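Student: What follows is the residue order along each chain.
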Amino acid sequence: MSNKNPRNQQPTIGEVMDQAGVGRRQFMKYCAGITAMMAMPPLSTAAFARDLRAARRPSVIYMPFQECTGCLESLTRSFAPALENLMFNTISLDYNHTLQAAAGEAAEAARHAAMEENFGEYVLICDGSLPTKINGAYGTSDGHTFLQQLEEAAEGAAAIVAVGSCAAFGGVAAAYPNPTGAVGVADLVKDRPIINVPGCPPMPEVMTGVLVSFLASGVPALDKHLRPKAFFGDTIHDRCYRRRFYDRGLFAKSFDDEGARNGWCLYELGCRGPTTYNACATIKWNGGASWPVEAGHGCIGCSEPNFWDQGGFYEPLTAKLFKERGQAAAAAAAGVAVGAAAAYGARRRQKKLAGDAE
Amino acid sequence: MSILEFSRGPMLHFALIVFVFGVLWRLTATFLLGFRQRRSEPRVTKGQAMAGGATVLGMRSWPHKEFIGRTAFGEAVGYGYHIGLFTIVLLGAPHVLFWQNLFGFSAPWWPTLPGGLITFISILTVMLMLIATIRRVGHPVLRRISNFDDYFTLVILYALMLTGLMTVLGIGGRYEYILAAHIISFNALLIWFPFSKLMHAFYIFPSRFLNGYMHAKKGAAK
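Taken in order, these protein sequences are the chains called A and B.
When the letters of the first sequence are read in order and numbered with this note's numbering, they come out as residues 1 to 358.
When the letters of the second sequence are read in order and numbered with this note's numbering, they come out as residues 1001 to 1222.
FYI, nobody ran anything at the bench for these hints, they're computed from the structure.
No experiment lies behind these values; they were computed from the predicted model shown.
Just so you know, even glycine gets a beta-carbon here, dropped at the ideal spot from N, CA and C.
Hints should not be assumed to be uniformly reliable.
On the chain B side, residues computed to face chain A include the following (Cβ under 10 Å) [stated by the list, open to error]:
hint	residue
1	F1014
2	I1017
3	V1020
4	V1023
5	A1093
6	L1102
7	G1115
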């Protein structure tokens, strides 16, 4: 799996495609798919294809930190481009200790060799949050803390792609009370371009689309959470096929009522669609087969920061239940008391003035 | 805690408590003031006085025929945006959900209007509010009797309406911030309400009724 050749000696993606017998029509179809997925204008497909053909296969180092491997499981289910194409045609995956055959010292040696040979040019993919408490001792590998590994790997990276909500924002590990002091990559690395691809897990097509677009045109336009606007520019709610039911005021009240069977809006069942930016509603999952809301469950907002701590997943997104009934009663009593005192004072003044007048 | 969580959680609850406190303060103070002692003999029975009150309540809620040419437009605009505001608040689906979630009740019978219609009514309401504002500023008498209270209330109402429209139309920024701004505007309205002319919502009908009642009692209602 290790790549001993620096990137400038790597063949271009166009050369790899030609060698593999990929025809122009097929390549253009592939590029059109990517540009459409990223909502780029149709006319940009030709330029995208030209840039992608000219790009050299980058060395990619995939570093797992405090993670569950769900993001990698998601990535391996990408259908466009398929993982094997991604690995062998588009990128040179030089380190991923879950997928690679090498283990232990051999794997670490391969990583160091790839980092050295492609210094300043490799793409670093981070998966999982970084525990910061007790000097990062909650997460170690190969005798080094994750913090040290990130610092070392980030130094020579052309860009860092933080895949999953953990790498992007800390994710589940950072949920209250955050015992390990987990943070996202962007909280630690400040001097490298960072692209966040959050989600729990992120959409595979989004992950691969970001990598491919990075090869063709560099770091894409990002939002304030460093997410590519092409994929995270719209809310789930804006693109949801159930939106028309929201607009008509038709809501499922439980998961098995008539509304749920009729496919009505899941807003009242806690759907986070209105405040969640992701591409689930347009690209869908499992090769476009379905997505959570289509399967009957509300969006849980997994691509948003701190989504674990945003209240129960089944609590509606509107107002929080007013439980301070005691405080309201006290306020009412205080209002009546102050009002009565004010009226009493006014009447006394009234009487005094009347007395003075007489 | 995000600004949206804050606005629809603690801030909203605080605003509600201030609203309850302030409204009860104002109402209690007003109704316990009592009435000046009337030394003249009542000209009508209590029932007739009550009927007189109800008559005046109705008459004052409609343009007087002698002034209809001058007041009908202003009253129509006023009625228009008040009806618009009530329709949006009471029949807009997100607002109905808001009330149900806030006070923890379920009312499946509560009707809602389609979102598109509510958006149309909202735009119409904002236009009527604009006309009312221009009239207030341009009309020599209205301008003289307007003060900070009126204009500040209008500022809050515009903020509330515009952020609501922006939330629905998806313009002006990220949804959660615009929604938070919308809820914060509502919280500001709740806090400002008891201490402003917005209290007319509670006073307007009792005061018209009492006016008519008193005049009828003195035999001056006709």
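Student: Hint by hint, which ones does the structure fall short of?
Tutor: none
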